[in-house]
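Visitor: Below, each chain spelled out in residue letters.
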Amino acid sequence: MNRVIARKVVPTYHQIFKLSRKQFCSDGAAKSSAAAASSQFNQESDANPSLTDNVQPYDIAIVGGGMVGMALACSLATTPLTKHLRVAIIDSSPALANKPCIKREDPPDPRVSTVTPATISFFKDTGAWQYVQQHRHAYFDKMQVWDYTSLGYTKYDARDVDKEVLGCVVENKVLHSSLLSRIEDTDFQKTIYHSRLTSMSLHPSSSSIVVDSTAPTEASYARGRLAKLELSDGNSLYAKLVVGSDGGKSQVRELAGFKTTGWKYSQNAVICTVEHSVENYCAWQRFLPAGPIALLPIGDKFSNIVWTMNPEESSDFKSVKEDDFVKAVNHALDYGYGPHPKSSLQGSAGMFSWLRGNVAILANESFEIPPKVVKLASERMAFPLSLMHANEYASKRVVLIGDAAHTVHPLAGQGVNLGFGDAFALSRIIAEGIAVGMDIGEVSLLKKYEAERKLANMTMMAILDGFQKAYSIDFGPLNILRAAAFHGAHFISPLKRSIISYASGEQRLPLFY
Amino acid sequence: MALKLPSKLRNQNLQITRYCNHHRLLAATRLFSDRPVSNLSTTDDSKIIIKNKPQTTTSSLKQHELAKFAAISDTWWDSEGPFKPLHVMNSTRIAFIRSALCRHFSKDPNCARPFEGLKIVDVGCGGGILSEPLARMGAAVTGVDAVEKNINVARLHADLDPETSTIEYCCTTAEKLVEEQRKFDAVIALEVIEHVAAPAEFCKSLAALAYPGGATVLSTINRSMKAYATAIVAAEYLLHWLPKGTHQWSSFLTPEELVLILQRASINVKEMAGFVYSPLTGRWSLSDDISVNFIAFGTKDGQ
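One line per chain: the protein sequences are A and B, in this order. Going by UniProt numbering, the first sequence runs without a break in its numbering and finishes at 513. Going by UniProt numbering, the second sequence runs without a break in its numbering and finishes at 303.
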């Protein structure tokens with residue numbers, strides 16, 4: 001674990017990472033990869049922001065129109081108190097220029113998100129969920145988690161927490177285009193700049209204060225009432241509030257001078273879509289010596305694979321023949337690395353029986369083997385994993401949401417849900433500020449958002465990081481402890497319930513049931 | 001939150017004794033007042049009215065003056081600066097005003113500019129900390145303050161945002177506005193009446209500024225032991241957050257007295273709420289506890 005306190009590094013990641021990182025993790029379309037393609041879309045921008053109208057300041061500039069940025073825009077557009085705001089969205093991704101046509105018969109994209117019930121209800125509140133439902137999506141109500149030592153396994157069922165579902169797996173492009181469709185339903189005043197942010201200034205140097213009554217926007221900027229953004233296509237614009245939703249390598253975060261804390265896991269994730277001969281309805285996760293492998297249902301007999309492994313292994317698995325890869329996946333999800341956990345609940349289960357009370361052992365709580373993978377249905381992508389947390393999310397006129405504020409281990413697919421949580425919390429707090437006539441760039445307002453989300457995000461980050469560490473050591477006694485923890489989680493119903501509740505996005509610490 | 005008056009007032013004296021030794025932060029925080037310390041009812045020599053448009057910068061002298069006011073303005077409006085407690089409290093008192101006025105004027109509380117079409121006067125506006133939010137909520141705001149410096153700061157700050165540049169700031173007093181026969185839908189005077197020599201006369205002026213059926217909102221500090229302990233002993237003598245003598249305990253009004261003098265000025269108090277400060281969260285909230293800071297909403301007789 002090389003722990004670094006870094007003020008952001010110049011992007012040196014390689015091509016594959018460029019293509020895959022954000023789409024999977026959470027925060028919207030890859031800006032850097034799309035930069036080259038951006039110029040052709042400049043002319044086609046729907047609102048055609050010209051150099052002449054840029055003196056009219058915006059209320060909010062959202063830098064990064066990925067899933068999280070668009071979730072914020074969608075929430076603002078559908079809230080009575082915020083729907084009048086003038087919003088600029090700055091993103092060079094082609095997904096914002098021409099909405100991609102999503103065909104039902106295409107195999108699912110490997111970039112998917114597991115959205116929690118909390119996120120689903122946010123989407124329903126804004127009216128975007130109806131668009132998700134028009135595309136492929138897969139609810140799951142069961143989850144089985146086990147490990148290679150064969151000592152423990154646990155099954156979660158939505159009914160344990162009186163819920164219909166544990167989550168829903170949706171392709172990122174579906175989430176993104178649903179949010180966009182919902183915004184287009186409204187008469188929200190948004191301007192999309194198909195460009196990249198090159199500079200941001202919040203506090204002009206004192207010597208440059210020039211009071212000139214002919215340019216009120218300039219004067220407001222000079223007094224720190226507006227932020228000024230300059231774009232790669234030569235446009236510049238002013239806004240009362242700049243929202244950085246531009247991903248893990250956030251330009252806004254760097255320009256605002258927010259420091260970050262974080263470390264790299266010496267792990268890569270390989271993601272792809274696979275096909276079964278039968279439909280998969282359960283989410284599966286198995287902890288292997290090098291990291292977890294997850295199999296998530298995505299509908300129509302397809303599943304999504306997220307396989308965490310050593311960087312060397314990942315490049316091997318990316319390049320091996322398809323048949324060999326499918327074999328390796330089936331091996332990893334079945335007998336590979338160790339036998340199945342005992343399907344009967346004897347043995348160590350006995351030592352927990354006193355904790356179970358009179359909860360009946362249900363038939364569906366026995367160990368199951370995931371459905372076999374028959375075919376690879378997409379390209380394989382690999383990207384490195386890291387944990388990063390911005391020390392601050394907000395200062396005067398700048399606020400970070402989503403991956404720009406925090407990236408987590410993709411263990412439980414929580415990254416994007418934390419991002420959506422940020423977006424909706426920020427939208428609500430902006431509405432609260434407007435209700436009492438505040439300037440929405442005021443730091444006191446934005447700090448309310450920071451306080452609320454930091455707690456939620458850091459708790460989840462600590463849980464996921466702890467899980468990752470617990471599983472990165474293969475050491476006999478620890479394996480047994482881990483297995484005991486598994487059994488504990490499986491058999492102590494209230495604990496299990498609160499773990500699911502937390503994983504499904506409810507704001508409660510897991511141990512304070 | 002807002003409570004029905006009579007029963008609450010009867011319990012008032014009981015409440016006072018219970019809170020004598022409470023946290024000093026409570027009132028000390030609120031005492032960073034945006035009101036001038038000067039006495040509003042004294043006849044002020046100057047009657048300077050600065051109209052909407054800022055002076056364009058023609059001479060170097062004015063440039064210098066503007067730069068000076070800009071510096072003061074920045075401190076006044078720095079929400080992390082010395083006025084932070086006031087900024088924190090502000091949204092709480094605005095929440096009360098918003099809900100009371102929306103109900104009284106049948107405005108939609110779910111819209112961004114519910115006060116559209118209302119003329120509101122902010123008496124003792126200070127740096128404009130209340131006037132600006134009212135303007136953003138759609139009101140046509142007139143801010144008056146007897147201290148010229150405050151008016152200049154407020155004017156300069158409000159001009160930087162098109163939404164607040166419509167505010168009319170005047171260096172004048174409520175009495176003078178009455179002489180000018182100005183009328184408003186709502187008259188608001190927050191944290192002013194405790195600095196006024198003749199509260200009854202002041203209330204009559206406020207009433208005279210409102211249209212019949214118009215609204216009046218006042219906030220002040222209760223003359224309770226708890227208020228004495230926190231607002232005067234703690235804030236002025238122990239913590240030195242305010243100059244000694246900023247507040248005279250004897251000039252504070254109890255809610256009963258305020259209701260009475262407003263009644264004599266033909267304003268009927270309809271709602272009253274207290275502000276309480278939580279040192280844990282650092283936030284103010286509306287409460288039934290009117291033992292220190294309280295706000296009252298009333299309507300003027302007629303129609």
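Please keep in mind that the hints were generated in silico from the structure rather than gathered at the bench. Only a predicted model underlies this, so the values are computations on that prediction, with no experimental measurement involved. A couple of the hints might just be wrong.
[What the hints assert, rightly or not] Which chain B residues face chain A? A few, computed with CB under 8 Å, are given here:
1) 87
2) 88
3) 91
4) 95
5) 98
6) 112
7) 134
8) 137
9) 264
Glycine residues also receive a C-beta, built at the ideal position from the N, C-alpha and C atoms.
Visitor: Do the numbers back the hint for residue 91 of chain B, that is, is its least Cβ distance to chain A under 8 Å?
Guide: Since the shortest Cβ distance to chain A is 4 Å, the answer is holds.
Visitor: Holds or violated: residue 137 of chain B as interface residue toward chain A, Cβ cutoff 8 Å?
Guide: At 5 Å from the nearest chain A Cβ, residue 137 of chain B passes the 8 Å test, so the hint holds.
Visitor: Would the hint on residue 134 of chain B stand, with a C-beta cut-off of 8 Å toward chain A?
Guide: With a closest approach of 6 Å, the residue 134 of chain B hint holds.
Visitor: A closest beta-carbon separation below 8 Å is what the hint needs, so does residue 98 of chain B meet it against chain A?
Guide: Given a least distance of 7 Å, the restraint on residue 98 of chain B holds.
Visitor: With a cut-off of 8 Å on the beta carbons, see whether residue 87 of chain B makes it to chain A.
Guide: holds (6 Å)
Visitor: Please verify that hint: residue 95 of chain B, Cβ, nearest Cβ of chain A, below 8 Å or not.
Guide: holds (6 Å)
Visitor: Report holds or violated for the interface hint on residue 264 of chain B, using the least CB-CB distance to chain A and a cut-off of 8 Å.
Guide: violated (32 Å)
Visitor: Is the interface hint for residue 88 of chain B satisfied, with its Cβ closer than 8 Å to some Cβ of chain A?
Guide: At 7 Å from the nearest chain A Cβ, residue 88 of chain B passes the 8 Å test, so the hint holds.
Visitor: Taking 8 Å as the limit, does the beta-carbon of residue 112 of chain B come near enough to a beta-carbon in chain A?
Guide: For residue 112 of chain B, the interface hint holds, since the closest Cβ of chain A sits about 5 Å away, which is under 8 Å.
Checked against the numbered hints above, the structure breaks only hint 9 and satisfies the rest.
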